[in-house]
Amino acid sequence: NAGVTQTPKFRVLKTGQSMTLLCAQDMNHEYMYWYRQDPGMGLRLIHYSVGEGTTAKGEVPDGYNVSRLKKQNFLLGLESAAPSQTSVYFCASNDGQGQNQPQHFGDGTRLSIL
Amino acid sequence: LAKTTQPISMDSYEGQEVNITCSHNNIATNDYITWYQQFPSQGPRFIIQGYKTKVTNEVASLFIPADRKSSTLSLPRVSLSDTAVYYCLVGGYSSASKIIFGSGTRLSIRP
Numbered sequence: 001n002a003g004v005t006q007t008p009k010f011r012v013l014k015t016g017q018s019m020t021l022l023c024a025q026d027m028n029h030e031y032m033y034w035y036r037q038d039p040g041m042g043l044r045l046i047h048y049s050v051g052e053g054t055t056a057k058g059e060v061p062d063g064y065n066v067s068r069l070k071k072q073n074f075l076l077g078l079e080s081a082a083p084s085q086t087s088v089y090f091c092a093s094n095d096g097q098g099q100n101q102p103q104h105f106g107d108g109t110r111l112s113i114l
Numbered sequence: 001l002a003k004t005t006q007p008i009s010m011d012s013y014e015g016q017e018v019n020i021t022c023s024h025n026n027i028a029t030n031d032y033i034t035w036y037q038q039f040p041s042q043g044p045r046f047i048i049q050g051y052k053t054k055v056t057n058e059v060a061s062l063f064i065p066a067d068r069k070s071s072t073l074s075l076p077r078v079s080l081s082d083t084a085v086y087y088c089l090v091g092g093y094s095s096a097s098k099i100i101f102g103s104g105t106r107l108s109i110r111p
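For the protein sequence lines, the chains are G and V, in the order given. Per the working numbering, the very first residue in the first sequence carries number 1; after that it's consecutive. Per the working numbering, the very first residue in the second sequence carries number 1; after that it's consecutive.
So here's chain G without its partners, still in its complex pose (with noise of 0.2 Å):
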């Protein structure tokens, strides 16, 4: 049970770029998530899904897309990538069909924009 993985753990872009990140959980959760997470801070919410077929906005979307094709992947994609998108992305996932379930999250891909 390998429980959120996140692949790749690392990557450097040029600007202009394009990237997708993967992100695949086997606990057969409903709800998935995005987030970055900047030094010293907090995480953010890029985008969401609450089912298969299903995205939706979070805090930060702008320059982000995500497509949610099969329940166990969650795909978030840069078209074209800037230097202020130099972060380290999160994915989790929780079972929706209950209030407050705890997310579990992947180990984070660390993402450089040159």
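Be aware that one or more of the hints could be misleading.
[What the hints assert, rightly or not] Label-pair restraints from in silico Cβ distances: (1) THR20/G - PRO65/V: 44 to 50 Å; (2) PRO8/G - PRO65/V: 41 to 47 Å; (3) LYS3/V - SER67/G: 28 to 34 Å; (4) LEU114/G - ALA28/V: 30 to 36 Å; (5) THR72/V - PRO8/G: 37 to 43 Å; (6) PRO40/V - GLY63/G: 22 to 28 Å; (7) LEU114/G - SER108/V: 31 to 37 Å; (8) ARG45/V - MET19/G: 37 to 43 Å.
Honestly, the hints are just simulated from the structure, not real lab data. Keep in mind that this is a model prediction, so the values were computed, not measured. Glycine included, each C-beta is placed from N, C-alpha and C at the ideal position.
Following the hints, complete the assembly by docking chain V onto the known chain G.
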């Protein structure tokens, strides 16, 4: 949105009990209080959750007064491995977009 306020940092020594208090004056009737722990280079990890009074598990205790406007995470007999950032969250996960992680409390444990 229920905003939370926590101390930015705290220091303690091995073997001591540590209490971290979180203020949440605007907590709603349906909101729960949840605490997470985060080590460097790792994602946050759920510690404990409660609605009122006291909750205890194998890791910590959570004390919530009757007015629910604050809560206190209690870590008994801390060790060096408890050095981490601790986040207090208030909300109902049915409102996924309203989950807010503040800056947390950076706890440093010394020998």
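Cross-check of the supplied hints:
Judged by the Cβ atoms, the range 44 to 50 Å given for THR20/G and PRO65/V holds: they are separated by roughly 46 Å. About 45 Å separates the C-beta atoms of PRO8/G and PRO65/V, a value consistent with the hinted range of 41 to 47 Å. Between LYS3/V and SER67/G the beta carbon distance is about 31 Å. The supplied range of 28 to 34 Å therefore holds. In this structure the hint that LEU114/G and ALA28/V lie 30 to 36 Å apart at CB is violated, the actual value being about 43 Å.
In this structure the supplied range 37 to 43 Å holds for THR72/V paired with PRO8/G, their Cβ-Cβ distance being about 39 Å. In this structure the supplied range 22 to 28 Å holds for PRO40/V paired with GLY63/G, their Cβ-Cβ distance being about 26 Å. Our hint of 31 to 37 Å for LEU114/G and SER108/V holds, since their Cβ atoms are close to 33 Å apart. The hinted range of 37 to 43 Å is not satisfied by ARG45/V and MET19/G, whose Cβ atoms lie roughly 27 Å apart.
Checked against the numbered hints given earlier, this structure breaks hints 4, 8; the rest are met.
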